[in-house]
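Student: Take a look at the letters that make up each chain.
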Amino acid sequence: MAETRRIRVEMLARVEGEGALEVDISDRKVQSVRLSIFEPPRLYEAFLRGRAAAEVPDITARICGICPVAYQMSSAHAIESAFGMEPGPEIRALRRLLYCGEYIESHALHMVMLHAPDFLGFEDGIAMAASHGDLVKRALAAKKAGNTLMCVVGGREIHPINVRLGGFYRLPTRAELSALQPDLARARDDAVGILRWASRFNFPDVERDWELVALRHPTEYPLNEGRIASTSGIDIAADEFDSVFEERHIAHSNALHSVVRARGAYLTGPLARYALNYERLPAHIQALAREAGLGPVCRNPYRSILVRAIETIYVCEEAMRLIATYNPPREAAVPLTPRAGVGAWATEAPRGLLWHRYELDAEGNIRTARIVPPTSQNQPAIEADLLDIATRRIDEPDDVLQLACEAAVRNHDPCISCATHFLKLTVNRR
Amino acid sequence: MARPRLAVIKFASCDGCQLSLLDCEDELLAVAGAVEIANFPEASRAVHPGPYDVTLVEGSITTEHDAARIRAVRDETAVLITIGACATSGGIQALRNFADVGEMVRAVYARPDFISTLATSTPISAHVKVDYELRGCPIDKGQLLELVSALLAGRRPVLPSHSVCVECKLASRVCVMVAHGTPCLGPVTHAGCGALCPGYHRGCYGCFGPAETTNTATLAAQWQALGASRRDIHRAFRTFNAASEPFCREADAHG
Ligand code: SF4
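Residue numbers (the numbering used here), protein chains in the order written: chain A, 1049 to 1478; chain B, 9 to 263.
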């Protein structure tokens, strides 16, 4: 007799964004996997039209409470490039420093509070604290160091108020920044501790053949700038995005997926950044990666926790370096020089490539805005992962299969409201 | 005695306000010890059914489905607290209230027929009774901890309803309007941030929404005297708390 079963999970926890997951099984075969987004549309690209350029970084920050700096940076750079503004090396360094704070905060939260519980069989990071209290406390302390850095440079950790087109409103003093060094040094050591701890997890043995897409920069591990590159040979400037990538509106969801026109699904985020920029990491960090069992390329999504730890170590050290060499510019911001034009830019949000494009009129008002967040780029790759898991584990009980699917989604740290929440898993067995 | 049961529920929002709770790094484990975190999907997969003693609600109502869901949330909780500008005033997504939402959907999505959304973004209080409101985009974590501890201790929370301008004076900051001629919404904006923006040499941009008593017209006249255009004033009042009455009215006066 044909088997008919249905599992419903009202919510995928420890991710951000609302959506549903449907697995269709009949004749003992997975027929399809569909991840739909139910996050209510907030229509940013529509209401940005007619706003003044100067307002944009404050507005786009509100797309995501977890990575507001990424939104502020992609929009500021895109508009500055349309206006022909060049903020100079000191502002550039300070922006990179602010971005480091967001990485520390976001990665520390994900590694220990959201991701690790899946490997150790806990419902959440708080429950895990009872038996892994030291690690949870270290992660929270590291997270706090990232937040404090964002507070000093950005004014506050969620939706920083100190970012503007051309630079900042107020420059931090040397003393304010130097005071952060001890906590950053401890956060760095905590990240090493988390790396060693997590390297002993029991990782499922999978390898994915995704095309990995990330920024690549001639000299540094990319945060604010670089060309868009891939493991299949993409190498383009941000304003050529549309010639290689395509956004598609997925049926019955509020999400737009993006694909490489020629090939389909691709992955952005820590695994992609790491694979394409391994040689930009200092030798001692490469050595830590090796010690944790990572090669120069990691294609196992479960091991992304280790790559996040490596990146956290890197950004802590980078923040300390930027503070030690901090040279306040004469002016906190270069003047705004509005002109009609188009600007596109991509930066590396903690969870992946974030591309913005703005068309502006001569007074500097927004005519059109386009934003492609990391999660809409990663979603086709996440679905491919889910299809593989559901296929290989088809005979396992529903609750086991469900947990496996949830964990597979959490591997990618999908960005909360940028694209996904409320994942409802439905397994239809026929 | 059983610990009070806490739920954290999200509607249309950026998740920033609920992240504020996880951002209380020093207090998080203590809070988790004092209350039972019964339903907080962003942090835990353990979702226990209601009723709850306290529910923190983030986000605004923008779909029929959410309008029904908030009523169910209200029915399941003793105390309902809205956290942030989205939940207390409709948030930035309330900019749709002043435009043609159908046109907006067509501008963003290739297949507008897949999208179901309401013409307005409304605060939680437009749908159900709200017991406490925390302002801000995002909320201030100090205010969140104060409210939660007050509820746990059974005392009245200390949440000032005066303006950012008062906080600025209390912090003995230099007034950016008087000293630098920078337009500032501090005189009409609800306290809570500790006058953050003036401390960073910029004018307040009103992310905590209107203070309890406001004179927006007088402030708008001051802005004009400082050289702000009608359009600047319109936009300043029509951003993060666009749908709250005093800001909505003042924006209309300069539209
Ligand atoms: S009020 Fe602001 S910070 Fe809070 S959820 Fe809404 S957009 Fe995010």
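No wet-lab data here; the hints were simulated from the structure. Check before you lean on any hint, since a few could be wrong.
These stretches of chain A come out as covered by chain B in the derived footprint (C-beta under 8 Å, 3 or more residues) [to be verified]:
no.: 1; stretch: 1171-1185
no.: 2; stretch: 1278-1287
no.: 3; stretch: 1354-1364
A short, non-exhaustive set of chain A residues, derived as facing chain B with CB atoms under 7 Å [claimed, not checked]:
no.: 4; residue: P1089
no.: 5; residue: L1091
no.: 6; residue: L1188
no.: 7; residue: K1191
no.: 8; residue: K1192
no.: 9; residue: R1218
no.: 10; residue: R1222
no.: 11; residue: E1294
no.: 12; residue: N1348
no.: 13; residue: Y1350
no.: 14; residue: Y1374
no.: 15; residue: A1381
no.: 16; residue: P1383
Please read all numbers here as calculations on a predicted model, not as lab measurements. Note that the Cβ used here is the ideal one computed from N, Cα and C, for glycine as well.
Student: Hint by hint, say whether it matches the structure.
Tutor: Here is how each hint holds up against the structure:
Three residues within the 8 Å Cβ limit are the bar, and the stretch 1171-1185 of chain A against chain B gives 8, so the coverage statement holds. For a cut-off of 8 Å, the count of residues in the stretch 1278-1287 of chain A with a CB near a CB of chain B stands at 0, and the three-residue condition is violated. For the stretch 1354-1364 of chain A, the proposed coverage by chain B is not satisfied: 0 residues have a C-beta within less than 8 Å of a C-beta in that chain, short of the threshold of three. Hint status for P1089/A: holds, given a least beta-carbon distance of 6 Å to chain B, under 7 Å.
Taking 7 Å as the C-beta cut-off, the interface hint given for L1091/A holds, the closest approach to chain B being about 5 Å. A distance limit of 7 Å between C-beta atoms decides the matter here; for L1188/A the minimum to chain B is near 4 Å, and the interface restraint holds. Interface hint status for K1191/A: upheld, as the beta-carbon distance to the closest one in chain B is roughly 6 Å, under 7 Å. Interface restraint check for K1192/A: the shortest CB-CB distance to chain B comes to about 4 Å, inside 7 Å, so the restraint holds.
Using the Cβ-Cβ criterion of 7 Å, the hint placing R1218/A at the interface with chain B is satisfied: the shortest such distance is roughly 4 Å. Residue-level restraint check for R1222/A is violated (minimum Cβ-Cβ distance to chain B is 17 Å; threshold 7 Å). Here the hint on E1294/A is broken, as its CB sits about 11 Å from the closest CB of chain B, past 7 Å. The restraint placing N1348/A at the interface with chain B is violated, with a minimum CB-CB distance near 22 Å, outside the 7 Å limit.
The criterion of a C-beta within 7 Å of any C-beta in chain B is not met by Y1350/A, whose closest approach is roughly 17 Å, and the hint is violated. At a threshold of 7 Å, the smallest CB-CB gap from Y1374/A to chain B is about 17 Å, leaving the interface hint violated. The closest approach between the C-beta of A1381/A and any C-beta of chain B is roughly 11 Å, which is over the 7 Å cut-off, so the hint fails. Of the supplied interface hints, the one on P1383/A is violated, with its beta-carbon coming no nearer than about 16 Å to a beta-carbon of chain B, more than 7 Å.
Consistency note: the structure conflicts with the earlier hints numbered 2, 3, 10, 11, 12, 13, 14, 15 and 16.
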